[in-house]
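Colleague: Here are the chains, one letter per residue:
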Amino acid sequence: MSTLTKTKRPRGNIGTFLARRIFQSVIVILIVTLIVFSLLHLALPQGPALGVLGMQATQEQIDAFNHKNGFDLPLWQQYLNFLWQLLHGDLGASFTLNKPVSVAIGQRLPKTMALALIGMIVALIVAIPMGIYQATRRGKAGDVALTAWNFVIYSTPSFFLGLILVIVFSQWLRWFPAQAPQGSTVGEVLSNPAGLVLPVLTMALGIIATFSRYMRSATIDNLSEDYVRTARAKGTSVTVVVTRHVVRNSLTPVIAMLGYYLPVMFGGMIVVESLFNYPGMGLLFWSAAQTSDYPVLLGCVLIIAIATVVGSLLADLIQALLDPRTRGELA
Amino acid sequence: MSSETTPAREPVLDITDLTVDFHTDNGVIPAVKGISLTLYPGEVLALVGESGSGKSVTSMAVLRLLPGTAKVGGTIRFAGKDLATLSEAKMNGVRGKDIAMVFQEPMTALNPTMRIGDQITEVLLNHDICPKDRAWERAVELLGRVGIPEPERRAKGYPHELSGGQRQRVVIAIALACNPRIIIADEPTTALDVTVQAEILDLIRGLAAESNTAFLLVTHNMGVVADVADRVAVMFRGNLVEEGPAERVLLAPEADYSRRLLDAVPKLPEAAWSEIAGIEEGVPGQVLQLDGALSITESAPIDGAVSVSDAEFARAHGTDSALELIDATVQYTRKGSTFTALDAVSLTIARGEIVGLVGESGSGKSTLGRAALGLAPLAGGTVNIFGQPVRDRALLNRRERQARARVGVIFQDPGSSLDPRMTIADCIAEPLVVHGWQGKRASSALRRKRVAELLDAVELPRDFADRYPHELSGGQRQRVGLARSIALEPGLIIADEPTSALDVSVQASVLAVLRELQERYGFACLFISHDLAVVHDIAHRVAVMYRGGIVEEGLSSDVLVRPQHEYSKRLLASAPSPDPVEQARRRAARAVLAESVA
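Sequence lines, in order, name chains A and B. Here the first sequence is numbered in the UniProt record's numbering, starting from 1 and rising by one per residue. Here the second sequence is numbered in the UniProt record's numbering, starting from 1 and rising by one per residue.
Simulated from the structure, these hints should not be mistaken for laboratory data. Source: prediction; values computed, not measured. Errors might be hidden in some of the hints.
[Claimed, not checked] Taking lysine-lysine pairs in the DSS-like style, the calculated list, with each CA pair at most 30 Å apart, reads:
hint : chain 1 : residue 1 : chain 2 : residue 2
1    : B       : LYS33     : B       : LYS90
2    : A       : LYS140    : B       : LYS71
3    : A       : LYS99     : A       : LYS68
4    : B       : LYS90     : B       : LYS132
5    : B       : LYS132    : B       : LYS156
6    : B       : LYS90     : A       : LYS140
[Claimed, not checked] Going by beta-carbon spacing under 10 Å, a handful of chain A positions derived as facing chain B:
hint : residue
7    : ALA231
8    : ALA233
9    : ARG248
10   : ASN249
Where is the CB? At the ideal position from N, CA and C, for every residue including glycine.
Turn these sequences into a full structure, and let the hints steer you where they fit.
Modeller: Put into structure tokens, the structure is as follows:
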């Protein structure tokens, strides 16, 4: 339908499709943990002891720490231990936070998801009409100006974009605080909407730049389809042709892209959360990386890997369900 | 066919001095250069010409649906109103209501995510033809009227659930919805099988007669013109070169171009309709002796035909066959159910023989071609090429590989079967490289020499070697395809619809080159086509495929004149002939055959 996304359409019955995809996902997640596990040990051959205990730690303290956490075992055994724990739902305990990793992630993940969801909704509300507007006025001043703007935003790193927003809206204009709302629950965070504006804006601008491009090209593809000509020949006005026929067909691939975009968003969250000191998973990941908190790092990577495979699974399912040509095969 | 029009009537559409120029970055390109046409109620006016003649542009200009780069001059008067002066909103009131349109590509002309019923009610509601709660009912009625089975159920379905012919019927239902005074049909049957085409044309004829609707029928197919048109206007490079009653233009064209165009159309010989369907020869359009329709078994020349074919078959059955299929079966499994695309088909092509394979979409003719190339896995039977069994390429031994190297292929779409990033020389030389022509030592200079020879052979200038596919026309690209297929001096060529994407005059020249090459190199050829006249032109023998099996096989001059099988008869009767007299016989035969089926 469009050159934008050529996804594999699910074939056959939904049960076998899901079973196959879930099996593939488990393999992917295993491989991801293996890679991350190996990389952590390559980066720090001495293990996390110095990072956790401090530079003044004595050799006895380090040996005791390594023995207690199993870091004196061969690497493959450490990995198997990790998997064995994982199989029992145990992500281990954080070295620095004095709590199990699952608890730490459980506290942070909802907040990150809330911020991501708000950012995504805000972004789509802007990006989809923007893409349609640009497509219907392709090559005209409005389209060219928005394209230029989107490329500027797209090529600006988000930490830099965030800093500019802080300087302009927080320091000069004093409209919004530079720090994100603090709090241990989603409710507490949401009770301070002014504090959310700048983090959401930082995230949303980048997503708008990306998704308005997707929407623009999907709409342009659809505008040149034969069914548009048929609809016009019925006496349907151009505006109605776009809203009634083109938007629905263009949205399908764009919505599917959301699933693939999940891991990209998480990467962005690390920057945004550190920049605005937002108590989410991104910040947790960032501080864990600085203190060599292995169990937290592994736990976060695992969550991201799951989000990635679930996202792409959702993308395929959404695409298949929205398109009547594949819907029948899933039923 | 009323060959006399009465100009005394008020024309419903009056086009005067129409010009269309496209303003592009490379300057102004004139597409239509001042043509004048009139269309009267209840008549079918055929606008014919080859690609680029401006016929589609003319039809789109009437509804003002051309892109913004097009500048339109002259006047188009509909029922006295100049359409160019109407506001866009007023024009939307004309589109679909007074002037409706049917398009060429039924597969893509409907919105894939909108229910069929909704796509029909849209036009009804646009023009307030009926209240919202009645619209659905009307849509179902319309579907029934254009011959869609189970219209209530289909209205709730989506376009992908329908075949191409059914989709075209839906588009026609949309066009009919508001009882328009004019229907513009742009190549409405080009993408369809001949038997479906015949049904759609019957529908158009019936509508013109019963509801006084005027049709502007844009087509390149002279057979379609002979079948339904009252008048013909011939366009060539944006100009109108001839206009007149259909019979006169088809039988005695005046303009030089019309004559050339008609000469290029491959024609079938007059079929023995008296034997096939009891149609009296020389009395066009008259159906005689209905009950004698099926008495073909008594007619004399059949035995002769069969025995010749058998002799051919026997000779081919020796070691000297180029391609041999024995009970070849190909099955596809999808959604748990098995579909037999090729059902225990046996066919032999002798060395140096051209065998035409005809049939409609889904009959399995392309699958047979793929099986011959080892591209479709066999569920049963064997396929031999030069006596060597065809197997998975990875399993081939040296002799089998050599046999495989002796097979050339020509594909349907010359545009997309050439890699756009490879020069013509590289495209042609690719089989030389892949199959290690002249051993590994073959220098690039040697290959270049061979490419030059091949370009000569297909009558393309040698300097085309350094060009890219997009710089060539469709016919030139298909000649490149030909050159590539003969690069290794094959003993067998599989050609799958090699000329169906081409204009008739281009088709004629490509076929001439193919015929000449065949005479020079003496390769065998499996020529797959839906066009019976083309097959008759080029093939020694012909096999008719229907639902995965070969229903009839024999000399072209027999099978395409006196078909024996019910399906072959229907196929032949549906193939439109540019000769109005012959076409009238075919139409009559079609009616008789349809009756005998019912």
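Colleague: Next step is simple, just say for each hint if it's right about the structure.
Modeller: Hint by hint, here is what the structure shows:
1. B:LYS33 with B:LYS90: holds, 27 Å
2. A:LYS140 with B:LYS71: holds, 19 Å
3. A:LYS99 with A:LYS68: holds, 16 Å
4. B:LYS90 with B:LYS132: Answer holds: LYS90 of chain B to LYS132 of chain B is near 22 Å, not above 30 Å.
5. B:LYS132 with B:LYS156: holds, 16 Å
6. B:LYS90 with A:LYS140: holds, 26 Å
7. ALA231: OK, holds: ALA231 of chain A within 10 Å of chain B, min 7 Å.
8. ALA233: Holds - the Cβ of ALA233 of chain A comes within 10 Å of chain B, reaching about 4 Å at its closest.
9. ARG248: holds, 5 Å
10. ASN249: holds, 6 Å
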